[in-house]
Amino acid sequence: MSTHDNSHDLEVLDGNTSLDRFEDPGHPEHKPRRGDLDPKANKKAERQVLFLFAISVLGTIGFVVAYFALPPGDNPESMRTSNLALGGALAFALLGIGTGAIHWAKALMNDHEKSEERHLQASDAETREAAVQALQDGTDDSGISRRGALKGAVVTAVALFPLTIALPLIGNIGEDWNVSKLKHTMWKKGTRLARDPSGRAIKASDVTIGSVFHVIPEDLEEAEHPLDEKAKAVVLLVRLDPRDIKSEQGEGWSYDGIIAFSKICTHVGCPVALYEQQTHHLLCPCHQSTFDVADGARVVFGPAKRPLPQLPITVDDEGYLIAQSDFHEPVGPSFWEREK
Amino acid sequence: MSTTTAPTTSTPTPLGRAAAGTADYLDQRTGLGVVVKNFARKIFPDHWSFLLGEIALFSFVTILISGVFLTMFFVPSMGETHYTGPWDSLRGVEMSEAFSSTLRLSFEVRGGLLMRQIHHWAALIFMAAIVTHMMRVFFTGAFRKPRELNWVVGFTLLILGLAAGFSGYSLPDDVLSGNGLRITDGVIKAIPIIGSYMSYFVFGGEFPGQDLIPRLFTVHVLLVPALILALIGLHLLFVVLHKHTQYPGSGRSNKNVVGFPLFPIYVAKAGGYFFTVFGVIALMAATMSINPVWNYGPYDPSPVSAGAQPDWYMLFLEGSLRLMPGGAEFVTWGGYTVSLNIIIPAMIVPGILFTLLAIYPFVEAAVTGDKREHHVLDRPRNRPFRTSFGVALLVAFFILVLAGSNDLIATHFHLSINDITWAFRVLFFVGPWLAFVITKRICLGLQRKDRELVLHGHETGRIVRFASGEYIEVHKPLDAHERWLRVQHDNIRPIEIEPAEDSRGVRRKGYQLDRLRQRLSQVFYEDRVEPVTPAELAAAHSHGEHDEIASESHEPAQVGGGHHLVEPEGETTTDGRNTQV
Amino acid sequence: MKALAARRHDRRAPIVLLLLALLLTGGLYAVLAPTSADAAPAAASADDVTAGEKLFQANCATCHGPSAAGTESAPSLIGVGAAAVDFQVGTGRMPMQMNGPQAQVKPVQFDDEQIGQLAAFVASLGAGPAIPTADQVDPAKGDPANGMALFRTNCAMCHNAVGAGGALSRGKFAPNLWETTPTHLYEAMLTGPQSMPVFGDTNLNSEEKRDIIAFIDQQGNASPGGLDLGSLGPVSEGLWAWVVGMGLLIGAAVWIGAKSS
Chain A
1 MSTHDNSHDL EVLDGNTSLD RFEDPGHPEH KPRRGDLDPK ANKKAERQVL
51 FLFAISVLGT IGFVVAYFAL PPGDNPESMR TSNLALGGAL AFALLGIGTG
101 AIHWAKALMN DHEKSEERHL QASDAETREA AVQALQDGTD DSGISRRGAL
151 KGAVVTAVAL FPLTIALPLI GNIGEDWNVS KLKHTMWKKG TRLARDPSGR
201 AIKASDVTIG SVFHVIPEDL EEAEHPLDEK AKAVVLLVRL DPRDIKSEQG
251 EGWSYDGIIA FSKICTHVGC PVALYEQQTH HLLCPCHQST FDVADGARVV
301 FGPAKRPLPQ LPITVDDEGY LIAQSDFHEP VGPSFWEREK
Chain B
1 MSTTTAPTTS TPTPLGRAAA GTADYLDQRT GLGVVVKNFA RKIFPDHWSF
51 LLGEIALFSF VTILISGVFL TMFFVPSMGE THYTGPWDSL RGVEMSEAFS
101 STLRLSFEVR GGLLMRQIHH WAALIFMAAI VTHMMRVFFT GAFRKPRELN
151 WVVGFTLLIL GLAAGFSGYS LPDDVLSGNG LRITDGVIKA IPIIGSYMSY
201 FVFGGEFPGQ DLIPRLFTVH VLLVPALILA LIGLHLLFVV LHKHTQYPGS
251 GRSNKNVVGF PLFPIYVAKA GGYFFTVFGV IALMAATMSI NPVWNYGPYD
301 PSPVSAGAQP DWYMLFLEGS LRLMPGGAEF VTWGGYTVSL NIIIPAMIVP
351 GILFTLLAIY PFVEAAVTGD KREHHVLDRP RNRPFRTSFG VALLVAFFIL
401 VLAGSNDLIA THFHLSINDI TWAFRVLFFV GPWLAFVITK RICLGLQRKD
451 RELVLHGHET GRIVRFASGE YIEVHKPLDA HERWLRVQHD NIRPIEIEPA
501 EDSRGVRRKG YQLDRLRQRL SQVFYEDRVE PVTPAELAAA HSHGEHDEIA
551 SESHEPAQVG GGHHLVEPEG ETTTDGRNTQ V
Chain C
1 MKALAARRHD RRAPIVLLLL ALLLTGGLYA VLAPTSADAA PAAASADDVT
51 AGEKLFQANC ATCHGPSAAG TESAPSLIGV GAAAVDFQVG TGRMPMQMNG
101 PQAQVKPVQF DDEQIGQLAA FVASLGAGPA IPTADQVDPA KGDPANGMAL
151 FRTNCAMCHN AVGAGGALSR GKFAPNLWET TPTHLYEAML TGPQSMPVFG
201 DTNLNSEEKR DIIAFIDQQG NASPGGLDLG SLGPVSEGLW AWVVGMGLLI
251 GAAVWIGAKS S
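Protein chains in written order, with the working numbering: chain A, 1 to 340; chain B, 1 to 581; chain C, 1 to 261.
These are computed hints drawn from the structure, not numbers from a lab. Some hints could be false.
[Unchecked claim] Below, computed lysine to aspartate or glutamate pairings styled on DMTMM-like, alpha-carbon distance capped at 20 Å:
1. B:K145 to B:D378
2. B:K42 to A:E117
3. A:K188 to A:E329
4. B:K42 to A:E113
[Claimed, not checked] Okay, the calculated bits of chain A under chain B, using three or more residues with CB under 8 Å as the criterion:
5. 171 to 184
6. 284 to 297
Backbone N, C-alpha and C define an ideal beta-carbon position, used for all residues, glycine too.
When you get a sec, could you build the whole thing from the sequences and use the hints?
In structure tokens, the structure reads:
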């Protein structure tokens, strides 16, 4: 079955067929080490190896002592001391053995180079013949070449059976597979905006020009899975001079220059938390997507495409900021059925 | 079967007797003798660059040892708890069990922080060693037949290493790695059609869910290590089967292995190196802090830290995401969103780079038309295309890594992060091309230097003045060993293919593919410097009128030629054999 | 006296004299040179306001306008309060070296008294945030755990999780906080200098600001794991893994492969 004549595979071959090539001069002469010629140097090397192994033993002893004598304690300094002592002793214990063994090999062990022959990787022709014959005999014995239906049947059965494992594994692994949840957050009409992480509600008068608030829904802790909801519901609240606002995503969605945007980056979902007060840009630290808060949070730099969704807000009768409704589009990174 | 080497006149020691007894017991039950006979004195060649793979292997063993320790104390659960340990800044804070157990491990378990730091430093070194080892294998051509399969195994180990590292540093459930998981979720969601379902698949529902940490734990502690161990076993089996490659040199041919026996030399050297690798990692863990999760805090979707990056080996992905401009997302006719601004940097670009790496041996073999086994390594300068291609690929990766660190570059060098991003957007395309061109010129230049050296010998700095007033610099010819190193390499020329039409004028099937191969082969091998042949050397020696000096003077024949410098360019003429058909 | 005279011509005499002169100069400087502001200065008086106005006209009016109402180059200072002045001038950011998006920290140009006078003058122009009391900025009185929780949400994204600093867009940056005094930390939060948002008392109240100060006070010290490598995260860790780790290990490999002499 071989289409490649491999009898010359190990030879050197090149295009210079018309010109000769140099001959391999053969092994260079062995140069003896100092330790091979001078017994005193040899003894010295041996002492060095012994010394290195002794260092290792000392390291191990040091480790045991440090383990009992230097507990981590309750402050960073004692923890650091414990870590340094244990780790340093361990390093000596290990490096002593390592360098000792290597120095022994280099300086004391026999260092005459030896040569071993290589053989072609492929088996010889006889073996290959026998192998092919063995497979042929087995196939004939099984009779599968004559019985086409059997061949099809065994393949079908074996190919199908993994379904019994794959189905429950994949079926259960995605919880309820309800991806439409990605399109909604827990913000509703009347939900108060609250400080993250304390949960104290925010009054419109609290928000001064140039400030930024990190916001969660006031009822976040009552959710069944607070972190899952928080991952969609976090909001950034800033106040601009109303004359500076160039555009918004919806009429009447801001309140007297107080404007709220989703904090989840529309690129791949990091919190867009850096508010540059003077340029009123929001910068995401992960991949540097930059959004202009005064212009409907449109993207001014970076790999994001869509602006941050704006949360429509207003004020309730006690002066607290509340949401008018949920976001008008899914928050966070894009996905296939996002606009359906 | 006795394994002692004691002289026959003295009686064996108790240890010797015990060893002999054990060996006999095993041999009677397993036939161990065959293995010992074949492998105990197996020859391996000696070069420091062959130890790079060992760094990877031994750091992996270190990871396993420290990892077992960590599993005794880490709790892979996202259940909520409140911290009651000694770290002041987190007292009373609500956090997951995973994060809390990591803190307990770091602050209250003796040696716990040391083990955590050993584990993490070892992981960084594992990946660094894999990359360095892979580069050595690439640049010396050790992936050629019969080792192509081993290259694929090694490549898979690289990918598995990435998976192991990523799943590992995400386990403590802190803000930094949690944001990394958030980014992963965003990338998964961007997959067309199935993206949102894939996200639910991985996280067991919405992000972050309750299932992620336990699932990552299983992946990190069971699935990936099992695969890695199996593939490492296969990788090493191949090395034993194929025997190790060796660098060119006198007495080393494609038909032998020159080196030292496994027992005792490599048992001592490799065994010692394991302790050295472990020891260096322990030293790093003793003195340098790594992944201080107590500073980041438990994961919450709201906070994020400046300098949010993954571990170094994932930085290429991070940089890729940072460099892509945002405009490339669009909505299809049916109202479906296709996020090319994520698909391209996260899937297509790394896909291309890694695929190029994986298939290179097969492309090179097809284009060289060489089906022989290769056990002698190439000096990188003798394969200019391969070396330049490798450098270009490395430069591409490196630019992505730098792009992933652009905010740190901005703060440390007082530059604008936007300008840095633009610079890297351009450099990502220009850099590898430039690196390719420069490296190729360097390789060809080094080859010319080798030719020069072989033909004319070393410059001795001795100037001789003849009675006629002529000055020459005396050159010392290379000895046979020095020369052999510089002339032993294969001289590969672009392949020749059969003509397009056969003798009857019928177009041959498969001609187009052959033509493509030939074109590619020309790209690889058209620019080349051929090794010196004995005829050329003889011609060089008879260049000057100084043969008389060699016979007249009392000194051994040190033929000058300094002022007759043969122009190197003249020695790289292409022969007329590769004309267009 | 004769002994001294004999030693006057000793070879080493000039060196000794030089050392003495250096010691003297250094000592005098240490005693007499003005120190930087730390605790809040005493209440301003009318004299302070007048003196402050003179300083203002001489050093600040070029950019901020003779009535501090602002020009094209610089904003109005009416209503920024004493705290803003104490921060900007006290950290050396003002007078600004050149116009740009980031005011760089430079050596402080004025002494404590002068800063107090400038602050008094600006405060007199319009009501604004006042310089905090020593009690308000005392780290010992703050709760570092609450401070960390607040810092993580409000500050870490610009200043890094432990205050090591971070990049903003277009060459701006949020600086490292470890060397900043508690008073200046408080004032920065209160007044929102340059790109930094304003964290007024309705956003982070006085106790919360003190908690944050207590948290920062604990940072920049020994990390339990060893050298903190700048607290910059995985990039610096990766760099050191290559430089130290691979460096040492490749060095060891070269040693192993080298022929023993």
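Given coverage of the segment 284 to 297 of chain A by chain B, tested with a Cβ cutoff of 8 Å and a minimum of 3 residues = holds (count 5)
Is K145 (chain B) close enough to D378 (chain B), meaning Cα to Cα at most 20 Å?
-> Measuring from Cα to Cα gives roughly 13 Å; hence the hint holds.
Are the Cα atoms of K42 (chain B) and E113 (chain A) separated by 20 Å or less?
-> Cα-Cα ~12 Å, so holds.
Mind checking the alpha carbons of K188 (chain A) and E329 (chain A) for me, to see if they're no more than 20 Å apart?
-> Holds. K188 (chain A) to E329 (chain A) sits at ~13 Å (cutoff 20 Å).
Establish whether the coverage given for the segment 171 to 184 of chain A by chain B is satisfied; the threshold is a Cβ-Cβ distance below 8 Å, and no fewer than three residues must meet it.
-> holds (count 8)
Straight-line Cα separation of K42 (chain B) and E117 (chain A) no greater than 20 Å?
-> Within the cut-off at roughly 11 Å; holds.
The structure agrees with every numbered hint stated previously.
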